[in-house]
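Chains as they are written, first to last, in this note's numbering: chain R, 1 to 594; chain A, 1 to 253.
Take the hints with a grain of salt, since some may be wrong.
In silico DSBU-like pairs for lysine-lysine, Cα to Cα no more than 35 Å straight-line [as the list claims (entries may be wrong)]:
no.	chain 1	residue 1	chain 2	residue 2
1	A	204	R	491
2	R	547	R	565
3	A	151	R	466
Derived, one-sided and incomplete: chain R residues facing chain A with beta-carbon distance under 10 Å [as the list claims (entries may be wrong)]:
no.	residue
4	105
5	265
6	483
7	517
Hint data in this document are derived by calculation from the structure and do not stem from the laboratory. Here the structure is a predicted model, which is why all the values come from computation and not from measurement. Glycine included, every Cβ here is placed at the ideal spot set by N, Cα and C.
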Amino acid sequence: MKQPKIIVVGGGLAGLMATIRVAESGVPVELFSIVPVKRSHSVCAQGGINAAKNQKGEGDSIAKHFDDTIFGGDFLANQTLVGRMCEAAPGIIDLLDRMGVMFNRTPEGLLDYRRFGGTLYHRTAFAGATTGQQLLYALDEQVRRHESEGRVKKYEGWTFLSAVIDDGGVCRGICSMNLHSMEVQTFVADAVIFCTGGIGAIFGRSTNSVVCTGSAQSALFQQGVDYANGEFIQVHPTAIPGEDKLRLMSESARGEGGRVWVPKTPGDKRAARSIPEAERFYFLEEWYPKYGNLVPRDIATRAIHRIVYEEKLGIDGQAAVYLDVTHIPVETLNHKLEGILEIYEKFIGVDPRKEPMKVFPAMHYTMGGMWVNAEDQGTNIPGIYAAGECEYQYHGANRLGANSLVSCIFGGGIAGPAAVKYAKSLTTGAAAAPSMVFERERQRQEEMNQALLSGTGGENPITIWKELGEIMTEHVTVTRINKNLELAYGKIGELTQRYKKINLSDRTKWSNQTLNFARELGNMLVLARVVTMGAYQRNESRGAHYKPEFPERDDYNFLKTTRAKWLNGDIQLTYETVDTSHIAPRARRYDAAK
Amino acid sequence: MAEAAAGKKVIVKVKRQATPKEAAHWEEFALNWRPSMNVIICLRDIAENPVTSDGKPTTPITYDSNCLEEICGSCAMLINGRARMACSALVDSLEQPIRIEPLTKFPVVRDLSVDRQFMFESLKRVKAWIPIDGTYDLGEGPRMSPEVQEKGYPLSNCITCGNCLEVCPQVNDHNGFMGAAIFSQVRLFNMHPTGKMHAAERLKAAMGHGGIEDCANAQNCVKACPKGIPLTESLAEVNREAWRQALFGWLVG
Numbered sequence: 001m002k003q004p005k006i007i008v009v010g011g012g013l014a015g016l017m018a019t020i021r022v023a024e025s026g027v028p029v030e031l032f033s034i035v036p037v038k039r040s041h042s043v044c045a046q047g048g049i050n051a052a053k054n055q056k057g058e059g060d061s062i063a064k065h066f067d068d069t070i071f072g073g074d075f076l077a078n079q080t081l082v083g084r085m086c087e088a089a090p091g092i093i094d095l096l097d098r099m100g101v102m103f104n105r106t107p108e109g110l111l112d113y114r115r116f117g118g119t120l121y122h123r124t125a126f127a128g129a130t131t132g133q134q135l136l137y138a139l140d141e142q143v144r145r146h147e148s149e150g151r152v153k154k155y156e157g158w159t160f161l162s163a164v165i166d167d168g169g170v171c172r173g174i175c176s177m178n179l180h181s182m183e184v185q186t187f188v189a190d191a192v193i194f195c196t197g198g199i200g201a202i203f204g205r206s207t208n209s210v211v212c213t214g215s216a217q218s219a220l221f222q223q224g225v226d227y228a229n230g231e232f233i234q235v236h237p238t239a240i241p242g243e244d245k246l247r248l249m250s251e252s253a254r255g256e257g258g259r260v261w262v263p264k265t266p267g268d269k270r271a272a273r274s275i276p277e278a279e280r281f282y283f284l285e286e287w288y289p290k291y292g293n294l295v296p297r298d299i300a301t302r303a304i305h306r307i308v309y310e311e312k313l314g315i316d317g318q319a320a321v322y323l324d325v326t327h328i329p330v331e332t333l334n335h336k337l338e339g340i341l342e343i344y345e346k347f348i349g350v351d352p353r354k355e356p357m358k359v360f361p362a363m364h365y366t367m368g369g370m371w372v373n374a375e376d377q378g379t380n381i382p383g384i385y386a387a388g389e390c391e392y393q394y395h396g397a398n399r400l401g402a403n404s405l406v407s408c409i410f411g412g413g414i415a416g417p418a419a420v421k422y423a424k425s426l427t428t429g430a431a432a433a434p435s436m437v438f439e440r441e442r443q444r445q446e447e448m449n450q451a452l453l454s455g456t457g458g459e460n461p462i463t464i465w466k467e468l469g470e471i472m473t474e475h476v477t478v479t480r481i482n483k484n485l486e487l488a489y490g491k492i493g494e495l496t497q498r499y500k501k502i503n504l505s506d507r508t509k510w511s512n513q514t515l516n517f518a519r520e521l522g523n524m525l526v527l528a529r530v531v532t533m534g535a536y537q538r539n540e541s542r543g544a545h546y547k548p549e550f551p552e553r554d555d556y557n558f559l560k561t562t563r564a565k566w567l568n569g570d571i572q573l574t575y576e577t578v579d580t581s582h583i584a585p586r587a588r589r590y591d592a593a594k
Numbered sequence: 001m002a003e004a005a006a007g008k009k010v011i012v013k014v015k016r017q018a019t020p021k022e023a024a025h026w027e028e029f030a031l032n033w034r035p036s037m038n039v040i041i042c043l044r045d046i047a048e049n050p051v052t053s054d055g056k057p058t059t060p061i062t063y064d065s066n067c068l069e070e071i072c073g074s075c076a077m078l079i080n081g082r083a084r085m086a087c088s089a090l091v092d093s094l095e096q097p098i099r100i101e102p103l104t105k106f107p108v109v110r111d112l113s114v115d116r117q118f119m120f121e122s123l124k125r126v127k128a129w130i131p132i133d134g135t136y137d138l139g140e141g142p143r144m145s146p147e148v149q150e151k152g153y154p155l156s157n158c159i160t161c162g163n164c165l166e167v168c169p170q171v172n173d174h175n176g177f178m179g180a181a182i183f184s185q186v187r188l189f190n191m192h193p194t195g196k197m198h199a200a201e202r203l204k205a206a207m208g209h210g211g212i213e214d215c216a217n218a219q220n221c222v223k224a225c226p227k228g229i230p231l232t233e234s235l236a237e238v239n240r241e242a243w244r245q246a247l248f249g250w251l252v253g
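The whole structure should be built from the sequences, with the hints applied where relevant.
Structure representation (structure tokens):
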């Protein structure tokens, strides 16, 4: 066939890496993003990126990185590709270094490495405490170079609405909406790579950015792309509560020696600094002597919940614990953590170099996502690929800190060439697909817009969204109880009914953010059902999924990938065997050496 | 908390503009005060209940935002006349009524949303990247002293928000001045061990129409930068290097 064309949707780390790899292969690529790609959510990643370079002579190895990742994910991740990712990680760091990332350096001019959760080794390369921003910029710059040389065409300010799928069930392109003109248009592509990030908005407030709604993956799910392990949601132990956002306080604060504590006396009203050492409860260090403050996130989060809700030891009776870096020299803090300390200072008005920070867990990362095969990031629909946080592949039941950046770049790096290979193998490309296939999809999407714009009910999308967030955060995050999950599922159903009576306060046809948000909300409601149903049916505790009624991991019944399918408006869950061919499952404990 | 907050209002005035062609007008809103409110929360309150303070229904306000922690660069706007990020503009630190306007140096899309594509085009013009041979495995990157990293890292924190262009008297319709952020990126890439090899190309691009020679040293940029980037240092250094190249470049070929 003639020259194929590839579309990438999403311009965070995974999307940019996929774009670069496609451009390098000489195939034209169009990159779609809601925001200018330099403003993607990857900029919020703080702490660093893992690679077993053993730069500190501790005996770290790729095998140990692999084992930490599988063990940290409570054995739910398919192992073969995770192993390949760990092998590739040192090369990924080299590549980023060549691209000019301003990683912190040792006196010898080599990259410096810090410790992170769920490992005993210094394995995390970092650029201050804004590593995600620095990596995203490096890839953004490379894409800009390809763009200026004509290999990449960007569509920034476009939102993905749906895939164009022909009668043979093959993806032939996408349908997208321009967020200025609100025009709905279809685009031909032989293969499409989705890199659309996490689903934080379903939980109302989270550490995620505004664009992280999961709308694209939900739309695809409703077109037949399966969704896997939806119930696995990471709640990060340390974030600053806020009405608009829960702002992350990176694990790197603990990697650099930060300590988590509460006063031993309930309701102690003294200022943090005037509480003597002996009257402080460093509960993570006490409960997990080997890993201390660097236990994985699910463990630290549950410990904080236990301290606050069971032991009633939250600071001054509130839902908060101290994250303390005041004992670390100010020069070290400024050199290695300045980015996050500035966030605390700006938004709370207190200098964390002098006063311990008040933090609480927050929804942070989506381990589940679009189902992809174990070879090349392909979904179950020919021509649709997925990489980065929007797919389910690398982190199992719990992601280790600093593994997300590496999985985004690795996954994007695989998906790009795989999409090119697939596109080149097609005997009839997308350009030959009947125009009717495109036109009917465009019409379907236009009609959905029209229905929303002409709705006359009494419902406001923001109100529905806030209620959804409250339900999901209360019942479907840290502690999951079946009767509450049933209740939550029922309430999502009620919200879905109310959604049909939406009345948009903006019916204009120019830069109408209300319409776009209403579209996203419809998709959020579907994905919320997938997450809740997955949690309900998984009667065990594994990684981030914790059910007090079923406190143990149950490998016999649930060492399985949850695979959700959409059947004409109904969600059906099936369970697939997990690839455990490299590391045999064993009990996951962090209170002693593993 | 609820008791203390009862009745307390936040008065916000927003400059509205429905399309790039229509004339702008102001609308005022009275919102319920809560602790730790920022300007983003104000805009979300209006979206949930778009009614002006005199009871007139209106549309939600269009604005750019994403990370809400001052690292994506989206939500730059004029707040009480000052170019800054809306997410970190805390209501309790602002004089009321809070006046919110779009940046003036960029085309308005709608309401507070502006088009900053000019900055991304400028980054292309000055070749703000390291020209790597490819993404295949070519081994480690060049060694770099901690001193160079400590100089470079703050420069690479630029979020392309546009505040430094907004406050610069030289950024206007007439001269096409690219703005401090762009020259600071030239400095960043020219100090990198690999980027240095192509310094001449970037310096050349930094000269000419809209180039470094248009900087009139007003020094507003450095004060407006939300990331504390030493922009005036960058301007001075790029200016020096550009002139050195223009004057003596022929000597070194």
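For each hint, the structure was consulted:
1. A:204 - R:491: 62 Å, violated
2. R:547 - R:565: 24 Å, holds
3. A:151 - R:466: 43 Å, violated
4. 105: 4 Å, holds
5. 265: Because about 24 Å separates residue 265 of chain R from the closest Cβ in chain A, which is outside the 10 Å limit, the hint is violated.
6. 483: Nearest chain A Cβ about 30 Å off; hint violated.
7. 517: For residue 517 of chain R, the interface hint holds, since the closest Cβ of chain A sits about 8 Å away, which is under 10 Å.
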